[in-house]
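Go ahead and model the full structure; you've got the sequences and the hints to work with.
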Amino acid sequence: MRVHVRFFAGLRERLGIAGREIEVPAGTPVAQLWSLLVPGEPLPENVLMACNMEYVEPGRIVEDGDEIAFFPPVTGGCR
Amino acid sequence: MRVHVRFFAGLRERLGIAGREIEVPAGTPVAQLWSLLVPGEPLPENVLMACNMEYVEPGRIVEDGDEIAFFPPVTGGCR
Amino acid sequence: MTVRILDTAFDPWSVLGQYRPASAADGQFGATAVFVGSMRDFNEGDAVASMFLEHYPGMTENYLQKIIDEAMRRWTLTDCLIVHRVGELSPGQPIVLVAVWSAHRKAAFDASRYLMEELKSKAPFWKKEQLENSSRWVEHNTSG
Amino acid sequence: MTVRILDTAFDPWSVLGQYRPASAADGQFGATAVFVGSMRDFNEGDAVASMFLEHYPGMTENYLQKIIDEAMRRWTLTDCLIVHRVGELSPGQPIVLVAVWSAHRKAAFDASRYLMEELKSKAPFWKKEQLENSSRWVEHNTSG
Chain A
1 MRVHVRFFAG LRERLGIAGR EIEVPAGTPV AQLWSLLVPG EPLPENVLMA
51 CNMEYVEPGR IVEDGDEIAF FPPVTGGCR
Chain B
80 MRVHVRFFAG LRERLGIAGR EIEVPAGTPV AQLWSLLVPG EPLPENVLMA
130 CNMEYVEPGR IVEDGDEIAF FPPVTGGCR
Chain C
159 MTVRILDTAF DPWSVLGQYR PASAADGQFG ATAVFVGSMR DFNEGDAVAS
209 MFLEHYPGMT ENYLQKIIDE AMRRWTLTDC LIVHRVGELS PGQPIVLVAV
259 WSAHRKAAFD ASRYLMEELK SKAPFWKKEQ LENSSRWVEH NTSG
Chain D
303 MTVRILDTAF DPWSVLGQYR PASAADGQFG ATAVFVGSMR DFNEGDAVAS
353 MFLEHYPGMT ENYLQKIIDE AMRRWTLTDC LIVHRVGELS PGQPIVLVAV
403 WSAHRKAAFD ASRYLMEELK SKAPFWKKEQ LENSSRWVEH NTSG
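Protein chains in written order, with my numbering: chain A, 1 to 79; chain B, 80 to 158; chain C, 159 to 302; chain D, 303 to 446.
Read the hints as simulated data drawn from the structure, not as lab findings. Quantities reported herein were computed from a predicted structural model and do not represent experimental measurements. Mixed in with the good hints there might be a few duds.
What the hints assert, rightly or not - Pulled a few chain C residues facing chain B out of the computed Cβ check, cut under 10 angstroms:
1) R198
2) E212
3) Y214
4) T218
All C-beta atoms in this analysis are idealised placements derived from N, C-alpha and C, irrespective of residue type, glycine included.
Set out below in structure tokens:
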């Protein structure tokens, strides 16, 4: 099955990837998409993950057509 | 000595007095001005008192030329 | 540090749009917390047609300035503004505007709330409500 | 219950002057609590010339709507408004506006602060600061 993976902000810049379509087997957890897309790069401890625009835990199993996002801690609002 | 006494809001309406000059002996406490001006009328429990536009306690001794005010609990701002 | 007592209607958002916080270039404050209290058209179960707000000219301004001074002592603030109506008010009209500018949001939130609670509990203002066929002085304030 | 993401500068006081709180005649709400966060010209000891605010279109709006829904569940509110800038910002420009309307001031104060803290801690926005000769992503937010 096929999922769309997106990276944001500093993560996107550092990895040089904004978005990527990827073919994965059924039962793949969200966190595993990271190692598939950026092998050898350790998953940052403070990274946040979303599936279809909702926060999810790293163990969440992806489904066909999901949009998965990895991003750094958020810094909206003001100081 | 001479002091100026003022009443505000519901108190002013009920007593029918907005302001009054009054001659008092030295050593008169603020609260006593009430009984001098409205004899027989008990001092309301929740009444507030000011001397020269600062809150004072009932026992504060007045001085010549003071402006003394009696008023009900305040109800500014919004609900 | 500005206190204004107004006897005619005011628009809090226009006031804020025109106000320039004391000694602060635009980039120097990061947080603004504002509270606006407006007259409602009901109170204690009764429809209120209009309201009269009395104050103690001189003491009211002094007292508001005093609570602003106290807020500036307690928190690190750039500026504070309090605007309060007196006189005849109609439902929906703003009664009070409190605004606090500071570098950090915590101070702005805390100080604006402090100013409102202090204003309500001790600033010399008194409300008289005009009901359909009668009027009454408001006897006590709601707690924050 | 309105969420707006804007990629150009906005004046929070004009926005508020033009906003009509949902399903509320003028006399029905008594309290409005507002918070405005603006860009400062310094951070962590450095002068900041400008800032870029990135977001996650779709998720950001969803998340802001979700925290408004939660606030409306927790308190009795008339309406909530959140406006947040994205894109290129200059010092002094407003970043965020949070406004809450309610019958009582306690709910307005509590809910506006809740919305700001929730927004800062989890809404997907990221700041990149442009310093004199370099740029950097802001790594962590200040606590409330």
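Problem - Restraint outcome when T218 of chain C is required to lie within 10 angstroms of chain B by C-beta distance - result: holds, 8 angstroms
Problem - Restraint outcome when Y214 of chain C is required to lie within 10 angstroms of chain B by C-beta distance - result: holds, 6 angstroms
Exercise for the section: Could you check if R198 of chain C really has its C-beta closer than 10 angstroms to a C-beta on chain B? Expected result: It holds, given that the least Cβ distance between R198 of chain C and chain B is near 6 angstroms, below 10 angstroms.
Exercise for the section: May I ask you to test the interface hint for E212 of chain C with respect to chain B, counting a Cβ-Cβ separation under 10 angstroms as satisfied? Expected result: holds, 5 angstroms
No hint from the list above goes unmet by this structure.
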